[in-house]
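Colleague: Those protein sequence lines, which keep their order, are chains A and B. Counting in this note's numbering, the first sequence runs from 474 upward without gaps. Counting in this note's numbering, the second sequence runs from 7 upward without gaps.
Hints are computed from structural coordinates only; laboratory data are not their basis. Quick reminder that beta carbons are idealized off the backbone N, C-alpha and C, glycines included. One should not assume that every hint holds.
What the hints assert, rightly or not - Result set (EDC-like, lysine to aspartate or glutamate): computed pairs, CA atoms no more than 16 Å apart in a straight line:
hint, chain 1, residue 1, chain 2, residue 2
1, B, K249, A, D684
2, B, K249, A, E700
3, B, K250, A, E706
4, B, K250, A, D713
5, B, K262, A, E599
6, B, K250, A, D797
7, A, K760, A, D797
8, B, K250, A, D684
9, B, K262, A, E600
10, B, K249, A, E706
11, B, K249, A, D797
12, B, K250, A, E718
13, B, K249, A, E718
14, B, K262, B, E223
15, B, K262, A, D684
To be verified - Label pairs and their computed distance ranges (CB to CB):
hint, chain 1, residue 1, chain 2, residue 2, range
16, B, A34, A, E826, 24 to 32 Å
17, A, D552, B, R14, 44 to 52 Å
18, A, V582, B, L80, 43 to 51 Å
19, A, P634, B, G260, 29 to 37 Å
20, A, A849, B, G36, 45 to 53 Å
To be verified - Far from chain A by the CB rule (all over 10 Å, computed), these chain B residues:
hint, residue
21, G12
22, T26
23, I68
24, E111
25, T166
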Amino acid sequence: MNFEEHAAKPLLRAAGIATPRGCLARSGAEARAAAAELGVPVVVKAQVPAGKRGKAGGIRTADGAAAAGEAAEAILGMDIAGHRVESVLVEERAAIAAEYYAAVLNDPVSKGPLVMFSPEGGMDIEEVAVSKPGRVRRAPVDISRGLDADSARALLDGFGPELDDAAVAEVLVALYQAYRGNDAELLEINPLARLDDGRLVALDCKLVLDDSAIKRREALAGAGSPEPATELETRAQALDLKYIELDGDIGVIANGAGLTMTTMDVITDQGGKPANFLEIGGESYTKARPALELLLDNPRVKCLVVNFCGAFARTDVMTGGVLDAWEALSPDLPVFFSVHGTGATEARAMLLERLGMTPYPTMDEAIAAAVAAARAAGGAT
Amino acid sequence: MIVRGGERVLVQGITGRQGTFWTERMQAYGTRVVGGVSPKRAGIEHCGVPVFASAREAMGGIGFDVSVLFIPPLGVKAAAIDAIEAGGPRLVVLTEHVPVQDVMEVLAAARANGAAVAGPNTAGLVTPGECFVGFMPAFEADIFRPGRVGVVSRSGSLGTLVCLNLVQAGLGESAFVGIGGDPIIGTTTRDAVAALDADERTDAVVVVGEIGGAMEEDAAEYIRGMAKPVVAFIAGGASPPGKKMGHAGAIVMGDKGSYASKRRALEAVGVEVLDTPSGVGPAIGAALG
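Throw the hints in and build the complete structure from the sequences for me.
Modeller: Following this line, the structure appears as structure tokens:
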């Protein structure tokens, strides 16, 4: 789960890392009041859970309350990377001497936390890593020991006297603790600014919360920004189903992430267009009925592929759920089955008895028939 | 990460609904389940085996070679570390949605104690005709049959389909190694391929990958030096970027984790990459002559 800057920065403050004074505003008037209250030159920043806000025109400076109000009015309502700007953060503008980059993230290569630091802050770190690879430091951390001040200091070694600094190392240690204490997938400060008066201040903050940890971080997750979802996707989330809406016309229901992706791949390979990703594997295998109801509410769907290959997910239970929904709703759509794995014998018997249908011997044949049906129904496929 | 018949299996969470259901199936197939763990029901007998309060007590009481965890997400860290600190050499973690920092702690403990972990979010391991650990349909004779092909898969359902295709092509499996769909897992694609390369029962290897991460690219570096033939199928070529496709690890960010990158890396080391899983059986058949 992603977070807007204003929702991420409190984690830094709680860890003892300074951030600029600021206030969230939802209108020009609120931004004017915030700037007047701060009484200093400000920065007005669009609050969306996406990067590159500056390039999109979502960050402006203002020297007084009136200018802050105007900046806010220009930014509010903008579309940045698919997000409508609903609020701005009005912050005191700092006198910056230097900008650094600092982050802690989950690293699949070392299978542990990774601390990153660069003296080249304020820019896209991926670009810095390409253009100046020697200016980006990465250090895997042994999670059973954590990050201590000496290791943090070692990460800064060789970047010159300006960074031979216990205070910067302290920020790294605090950042690591905030990452650990909040189940972050990524916690990033870019830029970490050294002000003219020597203080270190986090001017921006990016937080990604591990989705698997939301259940034990409910208070934090409440301040996060869920992915934008269509009406059907929202319904699916309420049912705890993994559903992603796509722009094709062949409805897909399968068990397991790998098999569902593969069903989409083979549909595409055969010249068809999948209408969705919907998997009912794992603990969701008992939810075939609501899953099918959801699919049928997508008006673009011209036919359905039901592709089950049961392991944990029992195909007899899933097929029973599909049949229950089918009998209740009597949809006027062609449906194509491929059923293998745990419970397949019972599932095939059920299909024959209740729908008079025998599944295709292979997934490829079921999909070929579905692509032909979508074409016959005048689909984009 | 291969489990053979006769190895002693401990089931953590044996008294739960899924733990019971799958323990009975494992036993019926021939898996040597020697005991279970359930802190609240220690001392009873369940599925015909003794139930212990902890893996540590089970190790003292009966010993085990592999522990399989039917444990809810937030309980996995404690249960896995219990098994690791008890001296358990191999763990199979089936649970999905384990917090990633918990996984990293488990893997650090495994490294410190010399244990190997499959998963989290794996469907398990199969040696056809001998045993299985986890929730794979090993007992379906049209899917799992003893043979000479080793299969590595991030996905249980897709791995099952590939095994079906192998059997339809007249082949069978030496071992199925489910490694799991999470972004950070114990046994990687490379680790599993290396285990199958070293396995004398295995003559050829199928890599069933998917978009996200860089494990297939990493495995390709190992495959470069292999004599056994390797074919692959990678799921997710038609998936949109920036979305988690069911598995937490199956996401393309920018050019990272893309289908094209994995296919390129595997083809560069001579791996035949199939467009559909139904091509796997014939391709392996041809490679084995």
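Colleague: For each hint, tell me whether it holds in the structure or not.
Modeller: Status of each hint after checking the structure:
Distance check on the hinted pair: K249/B and D684/A sit about 13 Å apart at the alpha-carbon level, within 16 Å; holds. At roughly 10 Å between alpha-carbon atoms, K249/B and E700/A fall within 16 Å of each other, so this suggested pair holds. The hinted pair formed by K250/B and E706/A meets the criterion: a straight-line CA distance of about 13 Å does not exceed 16 Å. Our distance criterion of 16 Å between C-alpha atoms is met by K250/B and D713/A, whose separation comes to about 14 Å.
A threshold of 16 Å between alpha carbons decides the hint, and for K262/B with E599/A the separation of about 12 Å falls inside it, so the pair holds. As the CA atoms of K250/B and D797/A are separated by approximately 29 Å, the hinted pair breaks the 16 Å bound. Distance restraint check for K760/A and D797/A: the Cα-Cα separation of roughly 11 Å lies within the 16 Å cut-off, and the hinted pair is therefore satisfied. Under the criterion of a C-alpha separation no larger than 16 Å, the hint pairing K250/B with D684/A is consistent with the structure, at around 11 Å.
About 14 Å separates the Cα atoms of K262/B and E600/A, which keeps this hinted pair within 16 Å; it holds. Taking the CA atoms of K249/B and E706/A, the gap is near 13 Å; set against the 16 Å cutoff, the hint holds. Taking the CA atoms of K249/B and D797/A, the gap is about 31 Å. The hint is violated against a cut of 16 Å. This hinted pair checks out: K250/B and E718/A have alpha carbons roughly 12 Å apart, not beyond 16 Å.
For the proposed pair K249/B and E718/A, the alpha carbon gap of about 11 Å is at most 16 Å, so the pair holds. Proximity of K262/B to E223/B is assessed by CA-CA distance (about 11 Å); at most 16 Å being required, the pair is judged to hold. Distance check on the hinted pair: K262/B and D684/A sit about 20 Å apart at the alpha-carbon level, beyond 16 Å; violated. Under the hint 24 to 32 Å, the C-beta atoms of A34/B and E826/A, about 27 Å apart, fit the expected range.
Taking the beta carbon of each, D552/A and R14/B are about 60 Å apart, not inside 44 to 52 Å as hinted. For the pair V582/A and L80/B, the beta carbons lie near 26 Å from each other, so the given range of 43 to 51 Å is not met. The hinted window of 29 to 37 Å between P634/A and G260/B holds, with their beta carbons roughly 36 Å apart. For the hinted restraint 45 to 53 Å between A849/A and G36/B, the CB-CB distance of approximately 49 Å keeps it satisfied.
No beta-carbon of chain A is positioned within 10 Å of the beta-carbon of G12/B; the least distance is around 24 Å. Once the 10 Å rule is applied to beta carbons, T26/B is consistent with being away from chain A; the minimum gap is 14 Å. Every beta carbon of chain A lies more than 10 Å from that of I68/B, the smallest distance being close to 27 Å; the non-interface claim holds. Its closest Cβ contact with chain A, about 6 Å, brings E111/B to no more than 10 Å, contrary to its assignment away from the interface.
A Cβ of chain A approaches the Cβ of T166/B within 10 Å, the least distance being about 5 Å, so the stated non-interface status is violated.
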